[in-house]
Amino acid sequence: MTQDFRLAKGGRVDRDKPLRFLFDGVAYDGLAGDTLASALLANGIHLVARSFKYHRPRGIFGLGLEEPNALVETGIGAAVEPNARATAVELADGLIANSQNNWPSLRFDIGAASDLLSPLFSAGFYYKTFMGPAGAWKFYEWLIRRAAGVGRAPDLPDPDRYEHSYAHTDVLVIGAGPAGLSAALSAGRAGARVLLVDDQVEPGGQLLNTSYTVNGRPAIDWVAEATAELDRLPDARRFARTVAFGAYDHGYVACVERAVPVTQGHVRWRERIWHVRATEIVLAAGAIERPIIFDGNDRPGTMLASAARGYANRYGVASGRRAVVFANNDDAYRSALDLAEAGVEVAAIVDLRPDPSGTLPALAREKGIRVLSGHAVVGTRGRARLKAVEAAPIDDASRRQVIECDLLAVSGGWNPALHLYAHAGGKAAYAKALAAFVPGTPADRMSIVGSAAGEFTLARCLADGSRAGAEAARRAGFTASQPSLVLDADEPEADARIGPTVAPSRGGKRFVDLHNDVTEADLRLAVREGYRSVEHAKRYTTWGMGPDQGKTGNILGLSVLSDALGQEVPQVGTTTFRPPYHPVSFGALAGRDTGDLVVPLRKTPMDSWHEKQGALFEPVGQWRRAKAYPKPGESMHHAAEREVKAARESVGLFDASTLGKIDIRGPGAAALIDRVYCNAFASLKPGNARYGLMLGEDGMLKDDGVTARLGPDHFHMTTTTGGAASVYVWIEDWLQTEWLDLEVYLTSVTEQWAVATLSGPKARQVLGPLTDVDLAAGAFPFMAFREGRVAGLPARIFRVSFSGDLSYEINVPARHGLALWEALMESGRPHGITPYGTEALHILRAEKGYIVVGHETDGTITPYDLGYGAMVAKKKDYLGRRSLTRSGMTGPDRKHLVGLLTKDPARVLPMGAQIVERPSEVRPLPMIGHVTSSYMSPTMKRGIAMALVKNGRERMGQTVYLPMLDGPTVAAEIVSHVFYDPENQRRDG
Amino acid sequence: MKRYSFVQLLRNAIGFGEGWQEAWRSPEPKPSYDVVIVGGGGHGLATAYYLAKLHGIRNVAVLEKGWLGGGNTGRNTTVVRSNYLWDESAAIYEHSLKLWESLSQDLNYNVMFSQRNLVMLAHTEHELNEASRRVHANRLNGIDAEIWSREKTLAFIPILNGSMDIRYPVMGASAQPRAGIARHDAVAWGFARGADALGVDIIQNCEVIGVRRDGTRIVGLDTTRGAIDAKKVAFVAAGHSSVLAALAGFRLPIESHPLQAMVSEPIKPVLDTVVMSGTVHAYVSQSDKGELVMGAGIDAFNSYAQRGSLPILEEIASAMIELFPIVSRLKILRSWGGIVDICPDASPIIGKTPVDGLFINCGWGTGGFKATPGSGWVLADTIANDRPHKLAEPFALERFSSGRLIDEHGAAAVAH
Amino acid sequence: MLLIPCPYCGERAELEFRYGGEAHFRRPDNHLEASDESWANYLFMRKNPKGWHRERWMHIAGCKRWFYVVRHTVTHRIAAAYKVGDPWPDLPA
Amino acid sequence: MAECAPLDNVIRPGEPNGPSGVALIDRRFIGQVNLRVRGPAVAATGAALGYALPVEANTAVGNGVSRSCWLGPDEWLIVCEDEQRAELMQRLAQALSSHAHAATDVTDARAVLRLAGACARPVLAKGCPLDLHPRRLGPGKVAQSVLARAQIMILPIEEGYDLFVARSFASYVWAWLLDAGAEYGIRVEP
Ligand SMILES: Cc1cc2nc3c(=O)[nH]c(=O)nc-3n(C[C@H](O)[C@H](O)[C@H](O)COP(=O)(O)OP(=O)(O)OC[C@H]3O[C@@H](n4cnc5c(N)ncnc54)[C@H](O)[C@@H]3O)c2cc1C
Ligand SMILES: NC(=O)c1ccc[n+]([C@@H]2O[C@H](COP(=O)([O-])OP(=O)(O)OC[C@H]3O[C@@H](n4cnc5c(N)ncnc54)[C@H](O)[C@@H]3O)[C@@H](O)[C@H]2O)c1
Ligand SMILES: Cc1cc2nc3c(=O)[nH]c(=O)nc-3n(C[C@H](O)[C@H](O)[C@H](O)COP(=O)(O)O)c2cc1C
Ligand SMILES: [Zn+2]
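Which chain is which? The protein sequence lines are A, B, C and D, in order. So for the first sequence, the working numbering puts the first residue at 1273; every next one is plus one. So for the second sequence, the working numbering puts the first residue at 15; every next one is plus one. So for the third sequence, the working numbering puts the first residue at 3; every next one is plus one. So for the fourth sequence, the working numbering puts the first residue at 260; every next one is plus one.
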């Protein structure tokens, strides 16, 4: 056992379970129950890190999440975690940890040269230089970026899993110290659902670190009993290793749980986010000890007094052999006494207060500890490890004495941990007596108890906790049937007086923010330069902006600002606490919404067939659709060309199942449809269908689709694939909030129907043998609708066409989609039936000049622009009508849909290419339009394009120009956008 | 104003920084000004600076209800680019980008404008087509836009997930090499220092709570620090524009929504450019200190609470891991929100209002940081000459009546 | 994430809803004859208050009803939710 | 001819991969009729079904033949065996012939996945923001909500839930549940 600083007894570590770990490549021993920090300290190691800016040597400073210094890298390879707090890493056998931000080594770090230049690197120095010549910043930045960052990102994807869960509770208690435990217990006894979360491995809070008693017995026994009772309650849950990191609206609190570390193999999940919805929240997060500002206050070996105490009591570790305690309050004496009790020599208590008196100082003196009252630490000695401190009376720095020591335990009082209270909207108030902020205004659904509320005696923590727990339960609707807790704590009384948190200066470096290397001088400079607002001072100096978010340094900075500005702390104000309370990994936040589950992948009923055929898919919203069915060795483009030819010359088959479908029924159905489409629908006869254009109230084309009238009061509406949900919501909106005169029922049936579209001159021959419906042109004309059977399946057939050829859209209940598809393929085999995908579909419709919402439209296009003016109803009112007559909606500036043909038939214009009237090298060059769709047309055997062009319909026959991104400008002629069968003979035949 | 320079820095390093002066004064408000700018964000301060510098109008005050730059200027993810779709937008953003290129020298304040390229990923063919449309338009507008192949994109951003076997593989990108990021706070401070040196009064902790009119004309303002007369007034208050408009008796086509941003803990450089993805919905850059700075979409509902909701953060995290699998074990350090002024067409409103003498500049929504110098420039010109600057003309409030909107939703696919 | 009291289904997480913006603004009467300006008021101009806001929500993953909520835009407190046709509850002071 | 249930191409009956606390079952086809009625038609429907439609939000009522789930103030989902569906539709058509109504067969529009066993609740709680406490969502209740990124209707059963999801989302939800259940040793049952 090399753990020279492990105390002979005490602590909650398991002395029978030694664990071995590596730090910077050296093997050390620790014990089960250790944190990485306690294990390092047990081995006498303080120096674990280099600071961010000046690369100063830094030691372990705190005990838990508040740690500003001891950021290390854990794991190797893909399992690397940068910036892990050594104080919060549970030791596991085989743990690998490394120091960060140093080169070549932690002890000899070249970067420390910057410390020598620090006068140059005062706050905001970069705003004042590196400015010239213009463009040179690129170079300076390159240099600066060499020094950026602290840890390294892993270079491999994360092998671990992360979970999310919702949790509902009547009372959420944050923090399982004496206040939280008693709150949870009394809420639980009242019958409320209780959830108790705490970031530590075991409950107890400060009771783990201290040596108090409850009801005359060690407080830790009470913790065990209370926990056991809580665990017996049916509706109480307790999460250890769980940090509440954000309080959001309406009782929503986000917590993250970390898995129990495993020594072999992988954890099942690494972290789990709990989305807690609580009716009531009890915040019992305790308080964080505050340091003191003094010269050389960052020397390794300097730590919070409560941390030194906790290492001794909880982990059985002496953080040094000979300690000096630097204090401005009575509680520090408790730490000193516990250290002495553990066998650490306490060389002196240096107390800033002129006259520490009362029980605790008396006790210390009794134990023979030297108390230097009215004194301050005014310097520290040693380089990578503290060797001695210099102490002097506060009013006479010349009477310095050097006290040898290897541990400096600092206590500047306590700051209630109000982070989550602030998240929930609470505004803290300044309590001058405590030199700290305490809860001020009420926060939604939250009560604050224990030392988080500024109640620093154990008795009050217990009493307030149980009262708050019962009250929270009552507010959530539960009344206590059992008696509340009666607890009695005995602890030596502390004097509430707190001394200053700033020691006199002798010109040394005095850190306010240890992580970001922000000094008192930096803050004073900020004020001098006019950055007087607390927020400006923060941003100018980066005070409180490091990984610890100022958990220990914020309030110190406020006292500096208060002094520099000559204002009281409340006037100085505070910066804002923001989530997360403690950093949370991307992995945890993402949970299982990664990889295959990142978003749903929606598949049609025929999808498995496409997949078997080796279809290429493309995403359309969340759907995947077959884009083409290339044969072995065939490119997507060749496949699409072949598919187009088949659909023109014989017959093709297309899976149109993704189309949005809404069943619309009721006495008001016809009126409704007439109001939502801009073209006339009232005259539509049952058995017929019509293409409709839907506008937003702004008059812009919103969606389009075919709607069939199944009966007098019954319609089947189709929408675009992407528009299905928004059209449904839009119509329901009007129906429910404005058109209360209409009785109409909408049912979304998108998923009920599978749709196969047969298209091409042979479509009739393929469908005929399969159906009882009379397909003769006269009996079943274009834009008619029939119900019947296809391949024995109940079907709805629409004779519509998006290709411009004879075409039937066959709808069957989704379970039969695949069977229908296979039957059609079988029936079509003699005719060379060819499945075609969305690429061929787009080419087919472009040849015919049909628009696609989102290609030919972009939210700024009206039906008139598209040349659909004749369709727009003149008499009826419809959504968007008024907008079409606004002054900006007409005139020669509007763009019209036209076709474009290049001289060179082999040329395919790039999608999105911009159109100009005359080519020129001048920039900016006015543009008159752009290409909306462009393909090599297998049917026309040439490139074709659709375009929106200013006043395009008046420009027929004109030549326009399209400058290319690379290569010469291309000329094109404006033509009609209907390239194929403008007389509609093929479609209607 | 003492100029900043390396020599100054050296001198002060020796002199313990005692020689540094206040960057701007903190004067008491005067009873009257020629022009009062309401809103001490980047846009308001830039307006004051250019009024004084280019138009010689120096009897100007900037009133800020809190601290300078405490609005969206201090909360944004600092993306600066000009590759917008429509001519009107391209013109004003490119004008602004040109100003950015010499802003540090002009202000004698290093705003750390870092032209590190901006890559907008395309994950579907549809996105490639949209990018093609925008890049073609940008080029003709004289903007340095490029279309990149998948290979080029992956080579430029090594940590990008290059697999084709994922939901949203990278198919290509559009890029703007001159785009980048800047140090947001420095922009507010630099303009403030510049304006102050030209005589502008910058008055913090001064909230406008009333508008004083004589008939249809504005004559002054009521503030928490007393009444202030003004010949002309400009509201440059971003998320709070509707509140001010209500004081003046008119409405705006604006809704205020929370937009969130977040930073990771500082890590060694892994990303040298700005990356945006509309489909996967996130955008990110790495600051010079080492944090990844990220954002995505707005919360759906109206809000003036400068915080956002957890689901948005979770979406950003999930998107980030999709794009950059190595970030999974990095940690989010801080998240915050700003109140963005969302306009129906995702374009700003600049110019006159129904009240004579009252000008407005708002509606920049999720993307106005990049416009800061340009917007201040055109508004200053508009105020000084009492008619819209040519670049501002298309952005008049009147467009909502005529219907001549400038719909940039496509180009603005993801908030930035 | 807000907790929204659907007047039909009860309190549900915001995830289940779709926001519809300001409530109770109406098309101008005789809207086809309305001036461009009053039409623009209806289409685009919003109160966007800093304070209590009457707004529209649809319970898209629930009962699919549109309804109204009185919510404070700074504290996000919800004072009331009501159905289409219900009398409007007063705005809290 | 082969019928193809939403999950036919996804499901491979699997061995339990751990001490199993939860099972996932594809219920293939459950007859579903979406009913929209108001006013007197509500009572008329009850007469046809043999029990009154539940008018209390989030409740479900039924008999041996069908079960009606409240979806909204004028909307119900009536669930029955697939074989009973045609008859149910007919009965509704008859009973409602003189009322405005919409009874729409949506059997094929949704998959029904059964999540059963002691750990069904924590598995569902991973992605569903509803309070699943039996006091809130026990037998006799029904709720619509979301599960991860899909909309669902949840019908609690003895120990577990029947989850109704849109057909095209079924394979996503299936994969999601298997992944979520891995922690509890989920097994696929026929
Ligand atoms: C999270 C986030 C990310 C963003 N990312 C980007 C980005 O990457 N790129 C980009 O270009 N843009 C981005 N933006 C948008 C950009 O921040 C803003 O468009 C821009 O900063 C607006 O500047 P401003 O000066 O107009 O407003 P602000 O900086 O908001 O200034 C307005 C000022 O007016 C003050 N004010 C309000 N009411 C009153 C009153 N009654 N009296 C006195 N003062 C008042 C406010 O306190 C405020 O300081 C982002 C915004 C956010 C919130
Ligand atoms: N005399 C003094 O000056 C003084 C000062 C402070 C505390 N104390 C003593 O400390 C004890 C305080 O009791 P208490 O119950 O108020 O606090 P506590 O510190 O004992 O317990 C708080 C618990 O909450 C946890 N926690 C904090 N933030 C969290 C978060 N966001 N998520 C999850 N867990 C979180 C902590 O890890 C801790 O376990 C008392 O015994 C008191 O006497 C004394
Ligand atoms: C580009 C950018 C980078 C930031 N980097 C950090 C950072 O490294 N550390 C930090 O604590 N905050 C950082 N912040 C956030 C600020 O601390 C602060 O949250 C933000 O300006 C909003 O102000 P508020 O939180 O005080 O309301 C950054 C903000 C911006 C805009
Ligand atoms: Zn509802």
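No wet-lab data here; the hints were simulated from the structure. We treat Cβ as the ideally placed atom computed from N, Cα and C, and that holds for glycine. There could be a bad hint or two in this list.
[Unchecked claim] Which bits of chain C does chain B cover? Going by a derived footprint, with three or more residues having C-beta under 8 Å, they are:
id : stretch
1  : 5-12
2  : 42-49
3  : 60-69
[To be verified] Cut-off 30 Å, straight-line C-alpha distance, at most; resulting in silico cross-link-like pairs (DSBU-like, lysine-lysine):
id : chain 1 : residue 1 : chain 2 : residue 2
4  : C       : Lys52     : B       : Lys44
5  : A       : Lys1410   : B       : Lys112
6  : A       : Lys1410   : B       : Lys366
7  : B       : Lys44     : A       : Lys1410
8  : B       : Lys245    : A       : Lys1410
9  : B       : Lys303    : A       : Lys1400
10 : B       : Lys16     : A       : Lys1325
11 : B       : Lys366    : C       : Lys49
12 : A       : Lys1410   : B       : Lys79
13 : B       : Lys79     : C       : Lys49
14 : B       : Lys112    : A       : Lys1400
15 : B       : Lys166    : A       : Lys1704
16 : C       : Lys85     : B       : Lys245
17 : A       : Lys1699   : C       : Lys85
18 : A       : Lys1917   : C       : Lys52
19 : A       : Lys1400   : B       : Lys282
20 : B       : Lys166    : A       : Lys1400
21 : B       : Lys404    : C       : Lys52
22 : B       : Lys245    : A       : Lys1400
23 : B       : Lys282    : A       : Lys1325
Checked hints:
1. 5-12: Since three or more residues must qualify, the claim that chain B covers the stretch 5-12 of chain C is violated, with 0 doing so at under 8 Å.
2. 42-49: holds (count 7)
3. 60-69: Violated, because only 0 residues of the stretch 60-69 of chain C bring their Cβ atoms closer than 8 Å to Cβ atoms of chain B.
4. C/Lys52 to B/Lys44: Distance ~29 Å between C/Lys52 and B/Lys44 Cα, so the pair holds.
5. A/Lys1410 to B/Lys112: Status holds; Cα separation ~16 Å.
6. A/Lys1410 to B/Lys366: Violated, at about 39 Å.
7. B/Lys44 to A/Lys1410: Answer violated: B/Lys44 to A/Lys1410 is near 42 Å, above 30 Å.
8. B/Lys245 to A/Lys1410: Roughly 43 Å separates the two Cα atoms, so the pair is violated.
9. B/Lys303 to A/Lys1400: With a Cα-Cα distance of about 17 Å, the restraint between B/Lys303 and A/Lys1400 holds, given a limit of 30 Å.
10. B/Lys16 to A/Lys1325: Measuring from Cα to Cα gives roughly 27 Å; hence the hint holds.
11. B/Lys366 to C/Lys49: Satisfied, since the Cα-Cα distance of roughly 19 Å is no more than 30 Å.
12. A/Lys1410 to B/Lys79: Between A/Lys1410 and B/Lys79 the Cα gap is close to 36 Å, so the pair fails against 30 Å, i.e. violated.
13. B/Lys79 to C/Lys49: holds, 21 Å
14. B/Lys112 to A/Lys1400: holds, 22 Å
15. B/Lys166 to A/Lys1704: Roughly 61 Å between the alpha carbons, so the hint for B/Lys166 and A/Lys1704 is violated.
16. C/Lys85 to B/Lys245: violated, 48 Å
17. A/Lys1699 to C/Lys85: violated, 35 Å
18. A/Lys1917 to C/Lys52: Judged against 30 Å, a Cα distance of about 61 Å means the pair is violated.
19. A/Lys1400 to B/Lys282: Answer holds: A/Lys1400 to B/Lys282 is near 25 Å, not above 30 Å.
20. B/Lys166 to A/Lys1400: violated, 37 Å
21. B/Lys404 to C/Lys52: Status violated; Cα separation ~33 Å.
22. B/Lys245 to A/Lys1400: violated, 36 Å
23. B/Lys282 to A/Lys1325: holds, 13 Å
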